[in-house]
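Visitor: These are the residues of each chain, in order.
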Amino acid sequence: MTEPTQKIAPGSGGATPAGALTDPIPVAPPRSQWRDVWDQFKHHKGAMLGGIIFLLIVLLVFVGPLLWPYDATYIDIRSRNQGPSFAHPLGTDQLGRDTLARMMAGGQTSVSVGITAMLLALFLGSLVGVLAGFFKRLDGLLMRMTDLFLALPLLPLLLVMVLLFRDPLNAAFGPETGIFILIVVAIGVTSWMPTARIVRGDVLALKEREFVLAARSIGTTNTKMITRHILPNVLSPIMVSATLGIANAIITESALSFLGLGFPPDFPTWGRLLFDATDYLQQYPERVFWPGVAISLTVLSVNYLGDGLRDALDPRIRGR
Amino acid sequence: MLTFTIRRLVLAIPTLLFISLVIFLLLELAPGDPMAQVPLTVPPEVKERMREALGLGEPVHIRFVKWLIQFFWIEPQVLIDNLFGTSLSEGKLRVLSWQTRSPVMDIVVQRMPQTLWVVGMSYILGVLIALPIGIYSAYKQYSIFDQVGTFISMIGFSVPTFFTGVLLIVIFSVNLGWFPSIYDTTHKVTDWDSLVFQFRQMAMPVFVLALYNAAQISRFMRASMLDNLNQDYVRTARAKGLGEKVVVLVHVLRNSMIPVVTVIALGVPHVFGGAIITEQVFKVNGLGQLLIGAIEANDLPMVQTLTFIFALLIVLFNLIADVLYGVLDPRIRYD
Chain A
1 MTEPTQKIAP GSGGATPAGA LTDPIPVAPP RSQWRDVWDQ FKHHKGAMLG GIIFLLIVLL
61 VFVGPLLWPY DATYIDIRSR NQGPSFAHPL GTDQLGRDTL ARMMAGGQTS VSVGITAMLL
121 ALFLGSLVGV LAGFFKRLDG LLMRMTDLFL ALPLLPLLLV MVLLFRDPLN AAFGPETGIF
181 ILIVVAIGVT SWMPTARIVR GDVLALKERE FVLAARSIGT TNTKMITRHI LPNVLSPIMV
241 SATLGIANAI ITESALSFLG LGFPPDFPTW GRLLFDATDY LQQYPERVFW PGVAISLTVL
301 SVNYLGDGLR DALDPRIRGR
Chain B
1 MLTFTIRRLV LAIPTLLFIS LVIFLLLELA PGDPMAQVPL TVPPEVKERM REALGLGEPV
61 HIRFVKWLIQ FFWIEPQVLI DNLFGTSLSE GKLRVLSWQT RSPVMDIVVQ RMPQTLWVVG
121 MSYILGVLIA LPIGIYSAYK QYSIFDQVGT FISMIGFSVP TFFTGVLLIV IFSVNLGWFP
181 SIYDTTHKVT DWDSLVFQFR QMAMPVFVLA LYNAAQISRF MRASMLDNLN QDYVRTARAK
241 GLGEKVVVLV HVLRNSMIPV VTVIALGVPH VFGGAIITEQ VFKVNGLGQL LIGAIEANDL
301 PMVQTLTFIF ALLIVLFNLI ADVLYGVLDP RIRYD
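So the sequences go chain by chain: A and B.
Going by UniProt numbering, the first residue of the first sequence is number 1, and it counts up by one from there.
Going by UniProt numbering, the first residue of the second sequence is number 1, and it counts up by one from there.
Some clues are possibly wrong.
Stated by the list, open to error - The list that follows gives simulated cross-link-like pairs (lysine-lysine, BS3-like), each with its CA atoms no further than 30 Å apart:
hint: 1; chain 1: A; residue 1: Lys207; chain 2: A; residue 2: Lys224
hint: 2; chain 1: A; residue 1: Lys136; chain 2: A; residue 2: Lys224
hint: 3; chain 1: A; residue 1: Lys136; chain 2: A; residue 2: Lys42
hint: 4; chain 1: A; residue 1: Lys42; chain 2: B; residue 2: Lys240
hint: 5; chain 1: A; residue 1: Lys45; chain 2: B; residue 2: Lys140
hint: 6; chain 1: B; residue 1: Lys240; chain 2: B; residue 2: Lys140
No wet-lab data here; the hints were simulated from the structure.
Values in this document were obtained by computation on a predicted structure and should not be read as measured data.
With the hints as constraints, model all of the structure from the sequences given.
Guide: In structure tokens, the structure reads:
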């Protein structure tokens with residue numbers, strides 16, 4: 001015979017209400033997920049530093065040219081090949097153009113290419129990933145396509161694409177916009193595959209969750225389901241891909257420019273500046289330094305940002 | 001396992017066909033004309049016949065099939081001929097380069113050793129550096145060694161090879177004069193001095209690529225070791241009194257190597273692709289340089305063949321990685 005534990009007589013609860021009911025009703029709203037993410041992110045020193053440096057670089061290249069007196073394309077042939085001075089802190093190049101102004105103009109292009117190409121790749125990747133994960137009929141086809149794209153030799157194909165479409169696009173949009181569109185599209189089209197795979201995996205897992213079932217049972221349409229329930233929940237892997245995508249796009253653009261198949265010579269980007277500086281390697285080795293450091297610092301800071309973001313968005317590590 | 005391998009091999013064929021079709025159709029759009037260099041005094045009908053002689057007169061699908069036959073049927077015969085002295089391929093038309101009017105594969109074979117020496121050596125070196133660093137920094141997580149190692153690998157990962165390469169040239173060739181900045185392809189190793197020179201000229205390109213590869217692989221190695229170090233079987237191994245060395249280097253390492261080996265296999269083709277830039281920096285006369293030259297000279301058969309060879313490498317090493325994964329990890333047998 002077992003001793004009965006405390007018995008609760010049915011119906012006698014009126015006198016002493018159950019414990020939970022006497023608790024004070026929470027007044028402050030619960031902590032949002034993004035608040036938690038931010039708290040975790042703040043603790044990652046490298047990520048904070050990376051984020052700050054990246055913001056500073058973006059600010060410098062976009063606001064700097066407005067304040068700096070020299071134009072990136074202004075040729076002052078009498079003051080060519082100068083070393084660092086007060087008027088030209090980073091010196092001038094072989095045509096007397098101010099290196100600092102060119103660095104800022106180049107940074108504008110490089111950073112814009114990086115961000116735009118990343119957005120395009122993210123859009124394509126999320127689209128393919130969500131469609132493949134959500135609609136079973138499309139899954140096989142889309143994932144085979146992703147595998148095929150992953151098996152393509154990307155750098156050679158990028159070079160071929162630039163070679164093929166440079167002239168038609170230049171004719172259609174003018175030399176600067178044309179090459180910008182070409183490079184952004186080329187990088188975007190060849191770098192969406194990892195995002196698609198990650199997003200698909202997450203969507204497949206999300207689809208089995210109860211809240212999706214609940215949403216479906218009240219008659220949510222597929223479009224609403226994706227925009228309201230699926231997409232917000234796959235935001236974190238997409239954000240991590242975004243940082244890696246910026247780094248990848250900046251490096252690819254610089255590599256193309258470095259191989260002489262990117263932007264035209266009078267249109268500075270960091271890769272192009274580095275490429276031009278290698279011709280003067282013997283006489284002015286310091287000229288290689290600035291664009292290289294700018295590329296490396298940007299990519300490094302973005303990578304650290306991505307690392308911190310990944311840790312912050314992973315609920316398993318959060319709070320440690 | 002065997003059926004899986006065979007199935008994957010069979011699946012690889014349509015993939016490769018599709019990729020070659022994509023490359024072919026992309027190049028079909030190329031604006032360049034191989035007859036552009038021919039003098040204007042040559043009458044148009046002669047030009048037309050020259051074009052036909054290059055195989056350009058026929059419709060797209062016929063040319064594609066012809067290229068496939070040349071690449072997959074005639075070139076292997078040439079290889080067999082060269083190996084065994086037979087004459088299977090005699091009189092058959094091979095893939096010809098428009099630049100040199102000689103068979104593309106002959107040029108590829110000429111350029112292959114340089115690429116393999118530099119790229120292969122740097123990959124092996126990178127792996128050899130990366131594994132111990134990854135193992136030790138995972139074992140001593142958050143130690144100074146780990147912090148420094150992670151930071152260096154982050155730098156190696158972020159700094160593009162065309163900057164490290166140029167930086168090394170500035171420091172070691174221009175300022176110090178220790179290493180030559182241009183790779184001399186015609187150099188032959190005959191005695192001790194020439195061997196030393198060969199190593200000196202290989203030092204910088206190999207170091208640049210090795211740093212880049214080591215950075216990536218050591219990150220994977222560290223992450224994989226960390227995943228395994230907290231597992232129950234490690235505690236069991238320690239509890240039954242095994243030495244720390246045995247636990248880490250036998251039990252944990254063997255299990256952590258499973259994903260790392262596949263990553264190493266998957267990285268090989270990308271190294272060939274990435275080496276295009278390094279070869280350009282150090283003027284190594286290899287496959288990547290050949291591709292850039294062919295693209296600039298509008299030599300479409302060469303571009304087509306080279307790009308396809310890169311694709312072939314990717315598909316092949318993907319296959320190898322998949323099979324290796326199954327062989328190494330008995331939990332993942334695909335059949």
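Visitor: None of the hints should be skipped; say for each whether it holds.
Guide: Hint check results:
Taken as a hint, the A:Lys207 and A:Lys224 pair is honoured in the structure, with Cα atoms around 14 Å apart against an allowance of 30 Å. Under the criterion of a C-alpha separation no larger than 30 Å, the hint pairing A:Lys136 with A:Lys224 is consistent with the structure, at around 18 Å. Distance restraint check for A:Lys136 and A:Lys42: the Cα-Cα separation of roughly 40 Å exceeds the 30 Å cut-off, and the hinted pair is therefore not satisfied. With a C-alpha separation of about 42 Å, the suggested pairing of A:Lys42 with B:Lys240 is violated against the 30 Å cut-off.
A threshold of 30 Å between alpha carbons decides the hint, and for A:Lys45 with B:Lys140 the separation of about 20 Å falls inside it, so the pair holds. The hinted pair formed by B:Lys240 and B:Lys140 meets the criterion: a straight-line CA distance of about 22 Å does not exceed 30 Å.
Checked against the numbered hints listed earlier, the structure breaks hints 3 and 4; every other hint is satisfied.
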